[in-house]
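Enquirer: Going down the list, the protein sequences come from chains R and C.
At position 72 of the first sequence (counting the first as 1) the number is 72 in my numbering, and the numbers step up by one without a gap.
At position 66 of the second sequence (counting the first as 1) the number is 455 in my numbering, and the numbers step up by one without a gap.
Heads up, some of the hints might be wrong.
Claimed, not checked - Over the 12 Å line for every Cβ pair with chain C, so calculated as not near, a few chain R residues:
| hint | residue |
| --- | --- |
| 1 | A29 |
| 2 | P225 |
| 3 | K387 |
Stated by the list, open to error - Ranges of calculated distance between the beta carbons of each label pair, as one might list FRET restraints:
| hint | chain 1 | residue 1 | chain 2 | residue 2 | range |
| --- | --- | --- | --- | --- | --- |
| 4 | C | D404 | R | E219 | 40 to 46 Å |
| 5 | C | H429 | R | E149 | 22 to 28 Å |
| 6 | C | E468 | R | S10 | 48 to 54 Å |
| 7 | R | A29 | C | P409 | 49 to 55 Å |
| 8 | C | P396 | R | E219 | 39 to 45 Å |
| 9 | R | S280 | C | T441 | 50 to 56 Å |
| 10 | R | A159 | C | S454 | 37 to 43 Å |
| 11 | R | R258 | C | P447 | 42 to 48 Å |
| 12 | C | S454 | R | A29 | 45 to 51 Å |
| 13 | C | D420 | R | E149 | 22 to 28 Å |
| 14 | C | G416 | R | S377 | 31 to 37 Å |
| 15 | R | T271 | C | H429 | 35 to 41 Å |
| 16 | R | D142 | C | H429 | 40 to 46 Å |
Calculated from the structure, these hints are not laboratory results.
Model, not experiment: these values are computed from the prediction.
Every residue, glycine too, gets a C-beta built ideally from N, C-alpha and C.
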Amino acid sequence: MTLAVDADRSFVEQIRRIGEEVAAVHADAVDHDARFPEEAIAALREAGAMSAFVPVQFGGAEVSIAAIARACFELGRRCSATAMVFAMHQIQVATIVRHLDGEWFEGFLRRVSAEQRLIASVTSEIGTGGDMGRSIAPVTPDGDGFALEKQAPTVSYGAYADDLFTTARRTPQSEQVDQALVLHHRDQTQLEPTGTWDTIGMRGTCSPGFTVRAHFAFEQILAAPFATVMNETHVPVSHILWSHVWLGIATEAFERGRAFVRAAARRNPGTPVPAAHSLSRVMSELTMMRAEVESALRDFVAFNDDPERPDLATLTSVLRFNNLKLAASEQAPRVCMGVLEVIGIAAYKNDSPYGVGRHLRDALSARLMVANERIHSVDAGLLMIAKEV
Amino acid sequence: MAATYDPQIRAVLRDHARLPVDVESLGAETDLFAAGMSSHASVNVMLALEDTFDLEFPDAMLKRSVFESIAAIDAAVTELCAAA
Chain R
1 MTLAVDADRS FVEQIRRIGE EVAAVHADAV DHDARFPEEA IAALREAGAM
51 SAFVPVQFGG AEVSIAAIAR ACFELGRRCS ATAMVFAMHQ IQVATIVRHL
101 DGEWFEGFLR RVSAEQRLIA SVTSEIGTGG DMGRSIAPVT PDGDGFALEK
151 QAPTVSYGAY ADDLFTTARR TPQSEQVDQA LVLHHRDQTQ LEPTGTWDTI
201 GMRGTCSPGF TVRAHFAFEQ ILAAPFATVM NETHVPVSHI LWSHVWLGIA
251 TEAFERGRAF VRAAARRNPG TPVPAAHSLS RVMSELTMMR AEVESALRDF
301 VAFNDDPERP DLATLTSVLR FNNLKLAASE QAPRVCMGVL EVIGIAAYKN
351 DSPYGVGRHL RDALSARLMV ANERIHSVDA GLLMIAKEV
Chain C
390 MAATYDPQIR AVLRDHARLP VDVESLGAET DLFAAGMSSH ASVNVMLALE
440 DTFDLEFPDA MLKRSVFESI AAIDAAVTEL CAAA
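For reference, chain R alone in the conformation it holds in the complex (with noise of 0.2 Å):
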């Protein structure tokens, strides 16, 4: 116990250190050139962080979620694309390890351990209205072994990745609903780029649309159903990691204003500061904002107890890490815009130590990322039949 303790704590300040010392000195590199952190990536790689949750027995450090979630933060802080590449691929990782099944995922969980691979899914396919639930391609049989063929609207970090996890119907017979998921190296896929991505914010995550085009043998399908483990993962976890990034940006960007209320109190000693009240507004908000998100992620934790996880396959789960979405994703943009009411016109600079352009740019993707929308109408059918919520 205190061994797992004193790794997670070890592992998070090494990210923490990563986040200082790599992250936050390219950020704005990341964000002005919309171009991949290489950089933080390489440091994370050199850390063995692209393993952290990848049991012992596979040659990770099997860090704990909520180490995992702790990391995503911290570089949350200093670098949302570094953050939300970093959180993205643990959430690749936490399936493999929570679903594992079969040789051919274990020794893949070994390769990651020993090359740091970095793993991409897709996920998103045009024509699906952005319900990750269904999907119109199929894994088809191809000669020696299997292919598919998928439009995705958005790839993030597609072209950097060592891998993409993809989902597809099991058989050209299946229905929309009927989902796997495939792991395909990346000499196995071909990625035809079908639009740019110049977006104004989340910029280094590098995420435009792609063709995607793979083959692969029987084994790197996933035996899992895509709909269990999206209950029992792939949305908790998710919601979990990505708002973790998200209180990271929000955590930043207040503690920019804190050091502007500070910087003014200093220079009228005595005098009231008005820009220490409305911080003092944005802080209780981002109280809510961290409240909300760690009680999710204690929930997270507590719904593992037992084995078998039957808590998380229930529709009031479903409910719960909604709710941690559709609470993170508009609480972070409205703590970065009170901060920028609270610094002014020095906020609102780019080239200024008290600018959260970014901050705020990065944090509007929350609400997108799986739109708000869409999870309000998945809830609304959940509250008819859910006893308690």
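Chain C: place on chain R using the hints.
Expert: Coordinates of chain C only, in the frame set by chain R:
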């Protein structure tokens, strides 16, 4: 043994599951989700079952596995009706 509530369950599925196949063609153990029932449709099925059988599914039973086949639904309805 034939499912006790089989005909009423099939009627609910016909009206609410929005399956691309004929409900009568389904076996008792056929996976309804694989047959094309979406999560959204499954919520409407749950609501209609509560209405039809005048019962309430507790939160612990509101999960995919309870509604994945006619047999599974029948077992859940049987359990709740017996407890009522």
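Enquirer: Decide, hint by hint, whether the structure agrees.
Expert: Against the structure, the hints:
no., hint, result
1, A29, "holds (42 Å)"
2, P225, "violated (8 Å)"
3, K387, "violated (5 Å)"
4, C:D404 <-> R:E219: 40 to 46 Å, "holds (41 Å)"
5, C:H429 <-> R:E149: 22 to 28 Å, "holds (27 Å)"
6, C:E468 <-> R:S10: 48 to 54 Å, "holds (49 Å)"
7, R:A29 <-> C:P409: 49 to 55 Å, "holds (51 Å)"
8, C:P396 <-> R:E219: 39 to 45 Å, "holds (43 Å)"
9, R:S280 <-> C:T441: 50 to 56 Å, "holds (54 Å)"
10, R:A159 <-> C:S454: 37 to 43 Å, "holds (39 Å)"
11, R:R258 <-> C:P447: 42 to 48 Å, "holds (47 Å)"
12, C:S454 <-> R:A29: 45 to 51 Å, "holds (49 Å)"
13, C:D420 <-> R:E149: 22 to 28 Å, "holds (26 Å)"
14, C:G416 <-> R:S377: 31 to 37 Å, "holds (32 Å)"
15, R:T271 <-> C:H429: 35 to 41 Å, "violated (59 Å)"
16, R:D142 <-> C:H429: 40 to 46 Å, "violated (32 Å)"
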